[in-house]
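Asks: Here are the chains, one letter per residue:
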Amino acid sequence: MSSASRLPIGWLVQRVAMMLVTLLAVITLTFALMHAVPGGPFVSEKMLAPEIEAALNAKFGLDQPIWRQYLNYLGGVLTLDLGPSFKYPGVSVNSMIADGLAVTAQTGLLAIICVVAFGVPAGIVAALNRGRWPDTAAMFIASLGIAVPSYVIATVALYIFALRLGWTPAFGLDDWRGYILPVFALSGFWMSFVARLTRSSLLETMGQDYIMTARAKGLPAHTVMLRHGLRNSLIPVVTVLGPVVANLLTGSFVIEQIFALPGIGRHFVQSITNRDYTAIMGITIFYAAFLMLMILIVDLLYLWLDPRISYGDRK
Amino acid sequence: MTAPVLSLRDLRTEYRTDRGTVQAVRGIDLTLQRGEILGLVGESGSGKSVTCMSILKLLKRGGHITSGVAEFDGRDLLQLSERQLTAVRGEKIGVVFQDPMSALNPTMTVGRQIVEVLLQHRKISRKAARDRAVELFELVRIPSARTRIDSYPHEFSGGMRQRVMIAIALACDPDILIADEPTTALDVTIQRQILALLKELRDRLGMAIILVTHDLGVIAETADRVMVLYGGQVMEEALVADLFAAPCHPYTRGLLAAIPDPRQAGRPLSPVRGSPPDMRTPPPGCPFAPRCPQAMRICETPPPMFDATGNPALQAGQRARCWRADATAPAQIFETPS
Ligand SMILES: Nc1ncnc2c1ncn2[C@@H]1O[C@H](COP(=O)(O)OP(=O)(O)OP(=O)(O)O)[C@@H](O)[C@H]1O
Ligand code: SF4
Ligand SMILES: [Mg+2]
Chain Y
1 MSSASRLPIG
11 WLVQRVAMML
21 VTLLAVITLT
31 FALMHAVPGG
41 PFVSEKMLAP
51 EIEAALNAKF
61 GLDQPIWRQY
71 LNYLGGVLTL
81 DLGPSFKYPG
91 VSVNSMIADG
101 LAVTAQTGLL
111 AIICVVAFGV
121 PAGIVAALNR
131 GRWPDTAAMF
141 IASLGIAVPS
151 YVIATVALYI
161 FALRLGWTPA
171 FGLDDWRGYI
181 LPVFALSGFW
191 MSFVARLTRS
201 SLLETMGQDY
211 IMTARAKGLP
221 AHTVMLRHGL
231 RNSLIPVVTV
241 LGPVVANLLT
251 GSFVIEQIFA
261 LPGIGRHFVQ
271 SITNRDYTAI
281 MGITIFYAAF
291 LMLMILIVDL
301 LYLWLDPRIS
311 YGDRK
Chain F
1 MTAPVLSLRD
11 LRTEYRTDRG
21 TVQAVRGIDL
31 TLQRGEILGL
41 VGESGSGKSV
51 TCMSILKLLK
61 RGGHITSGVA
71 EFDGRDLLQL
81 SERQLTAVRG
91 EKIGVVFQDP
101 MSALNPTMTV
111 GRQIVEVLLQ
121 HRKISRKAAR
131 DRAVELFELV
141 RIPSARTRID
151 SYPHEFSGGM
161 RQRVMIAIAL
171 ACDPDILIAD
181 EPTTALDVTI
191 QRQILALLKE
201 LRDRLGMAII
211 LVTHDLGVIA
221 ETADRVMVLY
231 GGQVMEEALV
241 ADLFAAPCHP
251 YTRGLLAAIP
261 DPRQAGRPLS
271 PVRGSPPDMR
281 TPPPGCPFAP
291 RCPQAMRICE
301 TPPPMFDATG
311 NPALQAGQRA
321 RCWRADATAP
331 AQIFETPS
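So the sequence lines, in the order shown, correspond to chains Y and F. Its first residue numbered 1, the first sequence is counted upward by one per residue in full-length UniProt numbering. Its first residue numbered 1, the second sequence is counted upward by one per residue in full-length UniProt numbering.
For the record, the hints were derived by calculation from the structure and aren't laboratory data. Don't be surprised by glycine CBs; every beta carbon is placed ideally from N, CA and C. Wrong hints could be hidden among the right ones.
As the list claims (entries may be wrong) - Taking beta-carbon pairs under 10 Å as the criterion, some of the chain Y residues facing chain F (in silico):
{"no.": "1", "residue": "164"}
{"no.": "2", "residue": "200"}
{"no.": "3", "residue": "305"}
{"no.": "4", "residue": "306"}
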C-alpha cells in the first residue's frame, strides 16, 4: 500500500475545517483583546489635537460600531488582507509581514537545514559509537547547546567572531557571512536537542525485537541500522521537528534584536511598543496559521512514516 | 546415525551487566540430527534463549561467548566473523522469535520483510522474490496470500504474524529452524495450529528444528528429543517418549509431576518449590541442589553427565546430570543427607 492511497481525504477536510475554526477563534480573541486594552492607537505622550485624532479614527474606521469593525477586519483576513498599519502611514500589515518574513524565513530556513543536516547525523554517529569518544564529545556539545540560552550563545559568538576576530559582520545580512552567527545562534538549541533525541531514539529502536529479527535474517549491520532502525527511530524526531520548524521560521525576536536583523520578530516587538494594533493582530494571526499548518504537515509526515497510524477513514 | 547437522560443545555464554556478570550458559553440549525436532525446556532464566542465540552469535548488548564450538557445515560458527555469519543467518539457519507482535518491523509491509531476506541471499529479481514470497505465504497457510503480502504487520492477528515469521525464517530453505517459544504469546488453539504447521513443514522440507518452550505439553506434542535445562546447564536429555516414561533427574520429575496430563498443553512451568538460582552466583555444585528433595552432601560437587552405559536407570541416548543417576557409586553416598 503506498502512502498516497492511505491519504485520508475525509480526515484532511475535517482537519482543515478545524484549523479554520481555530483561526476564527484566534482572530476574534486578538481583536477583542486589542479593543479591550485601554487607550487608542493614537494616544501617546504628545497629545494629538482632538480633530486630528477624530480624522485618524475615521480614516481607519475606528469611529464605526465595534461589530462593524470586527466584520470588516474578518472580511479582510479572509481575503488575506490584514489591513493598514496604524503606525506607518501607507504601509500595509501584509507588506510588513512579507518584509520581515523574507529575512526571518531565510535565516529560519538555514537554521532548520542546520538542525536536520547536523543534528540528526550527529545523533546517529553518537548512537553508532555509543560510549566511545565521538558519542561523548557529541553529547557534551549537545548538553552545552541545550543548557546555554541562545542569547548567551549569540552574544558570546558576536563578541568573539565579530568584534574580536572580525571574521563576520556584527549586524545585518548584507554579506553571506552575516548569516553565520544568527543561524548558529538560532539553531544551536534545536540542533543539540535533535542530536540527543535522535541518539536516544535510535538506541532504543536498536534494542527492539524486530532489529534482532533483521539481524537473524542475515542482513549486514548497516542495512539493519538504516533500513530497520533509522526510519522507526525518526518518528519521535519528526514530532519535535514540526514545532521546531514553526519556531525557527517565525524567528526569534531576541536573536533578531541582538544581530539587528529586520525580521518579523523585531516587527512584532516594535508594533507592541508602537501600539500598532493591526500589526500586532496581523502578526499574531499569521503566527497561529503558520503553526497550525506546520502541525498538519507533521501529522501527514507521520502517516507516511508509520503505517500503524490511521486517521480514520481507511477501510 | 548420520553426522549431526549441528553440534554444540561446551558452550559458555555470559552477560556482563552493571550489576555483575550473569553466567547464562555454563557448558552446554547439544547435537541436532538432520530433520529432527529437538525440544529445549526449562524454567524462565534457565538459558534456553541464550543457548539458541549463541549459535548465531545474536546476543544482546553485554553478551559474550566465552568458550565452545558450534560445528555446522564443517565450520565452527563461533569462530566466524560478523560478515561471514550474515551468510549463515537467515540462509542456512532461520529464527522464529517468541513475540510476533514485536518481532516484525511495524513500518514495513510483510511482503517486503520476506522479499528482503530472499534478495539478501539469492540472486533473483525483485519480481521473482515477490512470487516466492507469495508461495511462502501459501506454504504457511496465510489466506489470500497475494493480497495479504502488501499489508503491514498490525493488520494481522498474532497467529498470522507468527506464520509470517515462519515464512521469513523458511524463505531460503534453511537446514535448521530455531524457534524460540514460537507459541508462548498465542492462545491455546492458535498454539496448536502453529505447532502442527511446524511439524508438517519439517516433514515436507526436512529441516531440523530447535524448539524452545517452557511447556512440557508442547514437547510431548511436537518434539522428537528433548533437553531439560536448568541453571545454564543440561539436566537431562532423552527421546521424548523415554523422558515421559522414565524421567531420571529429580528436576525433570518435578516438572512432570506438575502437569497431570503431559498432553495438556498450556500453562507455564512453576512446578518445583523454590526459585531458580541467581546466575551471577550459581551454586558451586549441582545447580538444582538448593531445591532438590533428594539432595545429598556430594551434590555440592558438580555432577557430571551420566549416560546409559552401565546405567540401567537410563535408556540408550538418555543422559542425566545427577549424582543419583550414577549406578556405580558406592551405596553409602546416598545415605549422607546434606
Ligand atoms: N540481555 C541480557 N542481559 C543480562 N542478562 C541476560 C540477558 N539475557 C538473558 N540474561 C540472563 O541469562 C540467563 C538465561 O536467560 P535466557 O533468556 O536464556 O532464559 P530462558 O531460558 O530463555 O528464559 P525464558 O523462559 O524467560 O525465556 C538469565 O539468568 C537471564 O537473566
Ligand atoms: S545432583 Fe543431587 S541435588 Fe542435583 S538433582 Fe541430583 S540429587 Fe538433586
Ligand atoms: Mg527465552
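Asks: Can you list which hints this structure breaks, lowest number first?
Replies: Hints 1 and 2 contradicted; others consistent.
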